Amino acid sequence: MDEIALLKKLISLDSQCTKSNRAIAFFIASLFPKKNCLITKLKKGDLDLYNVTVKFTGKNSSHPLIFSGHTDTVPLTNHWTTNPFKGNVKKGNIFGLGASDMKAGLASIISAALSIKETPNQDIYFLFDADEEDACTGGQAFLKTIKIKNRAAQIIIAEPTDGCLIIGQKGAMDMRVSFTGQALHSSKTSGSKNKKFNAIYKAAAAINALQKLELKWEKKSNQLFGAPTQAVCQINGGVASNVIPDSCQISINRRFLPKENPKKILEQLQKIIHKIDPLAKVTARFIGESNLLDTRSLIFQKAQDTGWKILRKKKVIVAPYWTQAGNFKRWGDCLIWGPGKIKMAHRANEYCPLKQVRQMTLCYKNLIKQLT
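At position 369 of the sequence shown (counting the first as 1) the number is 369 in UniProt numbering, and the numbers step up by one without a gap.
The hints are simulated quantities; they were obtained by calculation from the structure and are not laboratory data.
Only a predicted model underlies this, so the values are computations on that prediction, with no experimental measurement involved.
Not one of these hints is a red herring.
List time: in silico DSS-like cross-link candidates among lysine-lysine, alpha-carbon distance up to 30 Å:
#, residue 1, residue 2
1, K343, K86
2, K44, K86
3, K41, K144
Quick list of the computed label-pair ranges, beta carbon to beta carbon:
#, residue 1, residue 2, range
4, G238, I317, 40 to 48 Å
5, T119, I39, 17 to 25 Å
6, T119, K309, 21 to 29 Å
7, M1, N88, 13 to 21 Å
8, S115, K275, 52 to 60 Å
9, T77, I39, 28 to 36 Å
Note that the Cβ used here is the ideal one computed from N, Cα and C, for glycine as well.
Based on the sequences and whatever the hints tell you, model everything.
In structure tokens:
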């Protein structure tokens, strides 16, 4: 099964992050000898999730090479005009949910792994994690079970980069704010009572305060990463149109620069919120670190040379989005490099150019030869 057939199969397996990834995890595991493969069962609420570790033990374990890819996709959205699980091919592009983000990357690293026939000089890991699109349950589990000494690993995150070399990323935080009020009949309210008791009004005041802060950030842009960003992405409150709501929750997504401290970010948010409602509860649901790779590193140098030979690309950029590089950087140097277009991620009629899948498979095979 070549990388394109693999990609079609992976697309056919529904692995939305709201569901178990059992089918895709067990399919990936079935491609490898049991001696090289470990399936780890995880729990997230009522969901059964699965990580897959494929390891080729080398003659030496001092400088392992790690390839990483997540098995889940975002939830299916409306407005698809093609079957999101069919893997239809049109004009050299394959369409499907997760085609770019990131089943193309999975297909390429699996194909590269299947090409290993001899004992490598260094250990090689292929990590397939669950739940990256939500709470990173799989990535966090890998951090607990895989121990790398002295940050000596070379790591490829096979997220969609259009073949460009991504050396850095912003950090990401998902925060939730819960406001409380007092329920009463809507006919009994007033302006002052709404300010005091209406939980949605408190949330609205907080959103206005946050928006003012966001506008200030636009004037403080970092030369490499741009400005930090923030957005209220969810709001939930109220039970009926004639009842003053006694609770309201908002979810805030924050993208931060390498120089920013997540703890101070959370403290700043709490300060803003508590000026409006001292009783509001502010929690960080997820914190993902930023990452910046030294371009003098071995993995960057080898990847850049390989990319030029195969892709005819040398473009080096940073990402405004988050990847597992924020977690896995504690093992060593992380480069984000894979097939697929990030502009196609998280949208209807997602596709990936087949040519890139083939090219990136060759790039990964080349890196394995050079680094192990």
